[in-house]
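Number of protein chains: 2
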Amino acid sequence: MIMSRIEARRDEAVEAIAATGSLTGRLLAGLPPEAVLTDPDVTAAYSHDMASFCPAGAPAVVVLPRTVEQVRHVMRTATELRVPVVPQGARSGLSGAANASDGCIVLSLTRMDRILEISPVDRIAVVEPGVINADLSRAVEEHGLYYPPDPSSWEMCTIGGNIGTGSGGLCCVKYGVTAEYVLGLDVVLADGRLMSTGRRTAKGVAGYDLTRLFVGSEGSLGIVVRAVLGLKPKPLAQLVLAAEFPSAASACDAVCRIMAGGHLPSLLELMDRTTVKAVNDLAHMGLPETTEALLLAAFDTPDPAADLAAVGALCEAAGATEVVPAEDAAESEMLLKARRLSLTALEAVKGTTMIDDVCVPRSRLGAMLEGVERIAAKYGLTIGVCAHAGDGNTHPTVCFDAQDEDESRRARESFDEIMALGLELGGTITGEHGVGVLKKDWLAREIGPVGVEMQRSVKQVFDPLGILNPGKLF
Amino acid sequence: MIMSRIEARRDEAVEAIAATGSLTGRLLAGLPPEAVLTDPDVTAAYSHDMASFCPAGAPAVVVLPRTVEQVRHVMRTATELRVPVVPQGARSGLSGAANASDGCIVLSLTRMDRILEISPVDRIAVVEPGVINADLSRAVEEHGLYYPPDPSSWEMCTIGGNIGTGSGGLCCVKYGVTAEYVLGLDVVLADGRLMSTGRRTAKGVAGYDLTRLFVGSEGSLGIVVRAVLGLKPKPLAQLVLAAEFPSAASACDAVCRIMAGGHLPSLLELMDRTTVKAVNDLAHMGLPETTEALLLAAFDTPDPAADLAAVGALCEAAGATEVVPAEDAAESEMLLKARRLSLTALEAVKGTTMIDDVCVPRSRLGAMLEGVERIAAKYGLTIGVCAHAGDGNTHPTVCFDAQDEDESRRARESFDEIMALGLELGGTITGEHGVGVLKKDWLAREIGPVGVEMQRSVKQVFDPLGILNPGKLF
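Sequences listed follow chains R and X, in order.
With my numbering applied, the first sequence corresponds to residues 15 to 488, in that order.
With my numbering applied, the second sequence corresponds to residues 15 to 488, in that order.
It cannot be assumed that every hint is accurate.
If chains are identical, the list can't say which one is meant, so a pair holds when it fits in one copy or spans any two.
What the hints assert, rightly or not - Taking lysine to aspartate or glutamate pairs in the DMTMM-like style, the calculated list, with each CA pair at most 25 Å apart, reads:
| no. | residue 1 | residue 2 |
| --- | --- | --- |
| 1 | LYS248 | ASP267 |
| 2 | LYS291 | ASP418 |
| 3 | LYS392 | GLU306 |
| 4 | LYS246 | ASP267 |
| 5 | LYS454 | GLU48 |
By construction, these hints were calculated from the structure, which means they are not laboratory data.
Remember, predicted model here, so these are calculated numbers, not experimental data.
Construct all of the structure, not just a fragment, from the sequences and the given hints.
As structure tokens, then:
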């Protein structure tokens, strides 16, 4: 009795939604009604990620599948009807790669959020794409394991999104980026076929490395529905040191000395004066505002105090005015919290930010920071810089008032000039945020016409109809 | 006077070679005569790598360019004349990936052997493809740096070959494989165009990861003419422990305990009884022949003795009958030398070997070794196993007399059965040697029909005429 009532209600819902168009009708043939959203007020919430200045359209429908078979149904439907599909995780991305286009299917993978397997012997986890980064990190930690990639958004971002954008984080200077940890994938292709790539073994070279091709491809080649991730043993607790510098240049000099000295810090981060002040303003952290640049270094080695002492000496040799090792884990965590707050704090300065993501060879980090200062002065803007300094990965963050048209224009121009500077210094326009919509005009400048042609041809192989996240990357 | 004599001789040489056909004539238009070899006795030496049972044809010509421009000329010529090109490094490969096909151009990159740059701050080296692995390792060591990938052939193999096959080695359990260290490439495409991929920065996600697509592609997508390689700081000296086990199963159990215990050995290798005996017979190393399996573990940590003690205890818990830490670096080196001699020693057993390269999840290593023993008994063959046990990467090595037709047939059949077993256990047919000619019938069994179709389509993008190392991989 209850069952038939539920079924009757389900049928009503199906009919109601099917009436809104053949697309939703077709989708509902393979998806439960609660997985198909068409109310424009609801779907609007799925229209964009966290990037500024990126156009976003209105999706025709948002689908929230729970199974691989449902994803295949969505892609088969999209192929049949030639409807663009925009895959999404938590929409915490910073390049507009998850932005909807008008009339598209938004394919949200957030409900495919199961951790399928954790193996301490094989040091792998098998997960669905919607698993939250922090949930995975905590789950593997219980097994004495460690999933390193830790973007600032780790409490909300998904593994699928991390794979799509090729995320980094604070850990990368020692542990590398997402690409290093993706061993194998199950991918639903544009036409709904299922392809497995890679392996669940520590090594493997059977055929072309399509796994790595998908990492950072922003959902433009297929839909990742399952990932085999490599894990590390859980490291020892890290101890953090803070060093104050009289100039960004001297802080960058310290970074070069530390890296040339053969040290392997588990974290090597930089906050410039603007960022330090913003963090203090937001959270009253008591960071030293007289400093021009604050460097945070950490070690998770057996004797972190000794390593910090060596690094502290290098900081002093580079001109640090103050070198303060954290006394314990709590003080270390406080310093990391300050660093993680940087982007939020900079956003509070003027209401809106454009966060750049230029990565340069670390030997050019000083030139990069000096150039950003010059650009900020030229455009009369506040540009705070926090950086994964050990990787040469800077996040110059333009703070502006979006209501102020002239300031907005200057923000956009300075943003572009920062990318041009990065390329000039032998760097890349994006270290870990991806190209998306935000930087697609710049991709060709970085990789050149032959590179663009080959990349487009590869896209064509996987997405001959051009329905997978169109308008992104190229 | 001398110059004109040299020129006269050069002209004579050009004419003589040009007369052998329009192909060589065209090649000589952009290459010096000493870079174009056509004498069949000479070119025959370039016809194959070190794999057994792989057909090899007779090259029409062998070219030895020294510059990128010369490589471009070779590829333009090959495209115009539709002649297949087989790229080669040191021909130390074990899958026939460098074997010539009849009438092909062998493109040997061995003379492009310059190390162009080593940067301790950026921790990168920029090299040409013909640089010998050991030469690079020694060169970066002088700067306090470390290039980890160390295939057994490291004293002769080239970086270009390592990139083409996606080489591994003893270091991988801690430091990963070649793919982890290739940051950017310059590639000459099939039609002679030059494409740059990747970056010289620590991180970068601008566009698809074509760099990793080339790693392990066996020269079938383009010719790598320059590589930016990531480096690590030079680690501390490693200390090695040897543990004897009464069975392969108990040694594999120890491997699992070590890895599940969160240890990070810099090396974790296994030699079975057959291998131990072969090494003793060849080099009188005095290894313990009563053991069924010898496990070598090493640490390059600040306190390797303490780490070895912990691992030694795990070995004893798994049933080790004897646990002997090396007393010093010399004793450690002796144990590694024994391990590195394994394949050569097994080759001496019956004159010929087929070296398999199956990698399984390390939790299945025991089942793999047990299965290989069963297969050896079934076919009445000697199959020695050495393994990068920490990676689950086994090298079951079939020893046979190539003059004995029946034994050769059994060798081939057992080799295939070993691959089937590896796949059954969730492994891959190749952990680090590649597919080449040897395993191309097996690739489809591993990656499935959709995978093969997509891989072939990717190949088509880069090599529409099918002139790049045809007959390999697929």
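### Task
Can you give me the call for LYS248 and ASP267, within, between, both or neither, at a CA distance of at most 25 Å?
between (31 Å within a copy, 21 Å between copies)
Could you figure out if LYS246 and ASP267 sit no more than 25 Å apart (CA to CA) within one copy, between two copies, both or neither? between (31 Å within a copy, 20 Å between copies)
First find the shortest C-alpha distance between LYS454 and GLU48 inside one copy, then the shortest across copies, and answer within, between, both or neither for a cut-off of 25 Å. Answer is neither; intra-copy 35 Å and inter-copy 46 Å both fail.
Measure nothing new, just compare the shortest in-copy and cross-copy C-alpha distances for LYS392 and GLU306 to 25 Å and report within, between, both or neither. Within one copy only: 19 Å inside, 73 Å across.
Using 25 Å as the alpha carbon limit, work out where LYS291 and ASP418 are close: within a copy, between copies, both or neither. Answer is within; shortest intra-copy Cα gap is 23 Å, inter-copy 80 Å.
In summary, the one numbered hint that this structure violates is 5.
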